[in-house]
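Listed here are the chains, written in short residue letters.
Protein chains: 2
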Amino acid sequence: MEIASLGKVGLTDRLTEQLIVRNASTFRGAGNDAAVLHYADKEALFASQLLLEGIHFDLTYFALKLVGYKAANACFSKIYAMNGQARQLSLNLGISKRFSVENIDELFLGIEYACERHGVDIVAVDTSASLTGLTIALSCVGEAERQQIVYRNGAQINDLLCVSGDLGAAYMGLQLLEREKAVHTGDSDFTPDFSGKEYLLERQLRPEARKDIIEILAKNQILPTAMIAVCDGLTSDLLHLCRASKVGCVVYEEHLPIDYQTAMMAERFNMNLTAVALNGGDDYELLFTVPLTMHEKIQAIDGVKLIGHIVSADNGANLIARDGSQIPLTAQAWTQVSDNE
Amino acid sequence: MEIASLGKVGLTDRLTEQLIVRNASTFRGAGNDAAVLHYADKEALFASQLLLEGIHFDLTYFALKLVGYKAANACFSKIYAMNGQARQLSLNLGISKRFSVENIDELFLGIEYACERHGVDIVAVDTSASLTGLTIALSCVGEAERQQIVYRNGAQINDLLCVSGDLGAAYMGLQLLEREKAVHTGDSDFTPDFSGKEYLLERQLRPEARKDIIEILAKNQILPTAMIAVCDGLTSDLLHLCRASKVGCVVYEEHLPIDYQTAMMAERFNMNLTAVALNGGDDYELLFTVPLTMHEKIQAIDGVKLIGHIVSADNGANLIARDGSQIPLTAQAWTQVSDNE
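Chains as they are written, first to last, in our numbering: chain A, 1 to 341; chain B, 1001 to 1341.
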């Protein structure tokens, strides 16, 4: 069905009609110029995310449902990085003539599925024509107790540096998809064999914001001193955290969490595995610091790895390589390897 | 200066360094994954807006500072339409290679100027590359006492239908600019003579969200029963309000507020003036209903016009023409005249 046959109002109505309210803080959801949110007892967290076709996703290998799912998770990850819970999402779409009503339904389904899994209400939907491609603008409101909010600027000297999950897999998934795309250019049917590389693809195509880590930390009564979402690559985001906290850091190459599929693909593509782990984007993991006294507690948590510690700012930010040599972690190295500029 | 020379981090830092906090509800502004907002006593309003180059603005005749100013005002108008005050704004930009750092500074200046005038804090700035053109995604959080919030669905039978300002001028301004652009195609220097048409251009290029109307209504202790921002043209937004309130309406052609410049240009372009007033977009005025008992109070307010009244849903939504004939107001007529799809 052509979008023109429904019109902007019809399309927006079609999407908003199915909305469900899951949270008490959603006092009034979609249907007015603004949603009304009730945050009397807690602080409201406010984050946003813009995803552009051709920059943040390529529809050659990205199903629209997955684009929606990833977009929502990318936005939620910012709320989790504050140690909060995501609650409300607003959605603005710019849609070119290439897309049908069914396409937008599929995209919306992916967003709504992410919202269902994360307990989030979609409280505003707006659509607009676009000259080229698909534009997805999301904003998320979340909640946290003031005392529980974690900022980027709280890291202290001697704090332990921790990261959830593993690094570089989403970036290797992207490399894999890009290379297959280059090989298959001109094929109308893009269905390469990805067996044995499923994890890399899943990390690129279906990332999951780490709500679970926030919950595990709370359960173990661990309040990080500083935290940031790893979106642009570990180095870039780590340097953000260090700069905000006015500290330096030491990261041990041997402690970087890397999945074996990531390692195998780096080997096959003749890429430097450590550079992939440090600079590959789209991980959507959480990087955080905890006091040294939390050492045992953190080590007991599955899915969180100690990768180094905080030092004074004048020591800079450095990687200790496997051979013991010290390599400065440099800003924006990620722009060389990540497509997610 | 090329944006590539600063990089994403450098550009974002450049923009966020200058941010000022104006509101107590901005507990923590830019610099973390999410801003922290404190809305303990009031409800938080949440609205967003997406503006795409070539769809919502044309840089042939739009200075970037004005684009920024208009974008912010468009977003604020949604908060005012809930009878709230705009407080925080988040900003995501998609920027193609065509734009320089100075261009983005100019755009940001326009947004910040609008924020200054409306008492709003910019609490998040993020930038991304874009394949084509400029993408501006804004989200706004505002505040209101729960009892003061006005929705679209509160209009009652016999309520008076009121609109602020005048209608169709922004649309005529757009027509003027588009026609001049067509005439001047190929000219490197686009400086036509617009004397005597300044108001139309100002309404298109530099709209002002009606914070003043919200304040005047409060001062006069008038609480509308329903309200909506007039963005897509009076008819489209009036039908939204009627549908939400499950009512019909009568609008009198002779009471439509129209500036004399709008009328003169419609005459000159041989366009139907009433159609322009009813369907032209980009007015950013407020359309609202008040109880019949407010008749005298409303009439005493400068800049607000009574244009009709609410009837039962089975009477439909109709225009009473100057000759007394009744014409149904039809949905989406705006798509025929407005470029702001």
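What the hints contain is simulated information worked out from the structure, not anything from laboratory work. Do not rely on the hints blindly, as some may be mistaken.
[Claimed, not checked] If we take Cβ atoms under 8 Å as the criterion, some of the chain B residues that face chain A in the derived model are:
| id | residue |
| --- | --- |
| 1 | LEU1131 |
| 2 | ALA1137 |
| 3 | ARG1152 |
| 4 | GLY1154 |
The C-beta atom is built at its ideal place from N, Cα and C for all residues, glycine as well.
Outcome of the hint check:
| no. | hint | result |
| --- | --- | --- |
| 1 | LEU1131 | holds (4 Å) |
| 2 | ALA1137 | holds (3 Å) |
| 3 | ARG1152 | holds (5 Å) |
| 4 | GLY1154 | violated (10 Å) |
When held up to the earlier numbered hints, the structure conflicts with hint 4 and nothing else.
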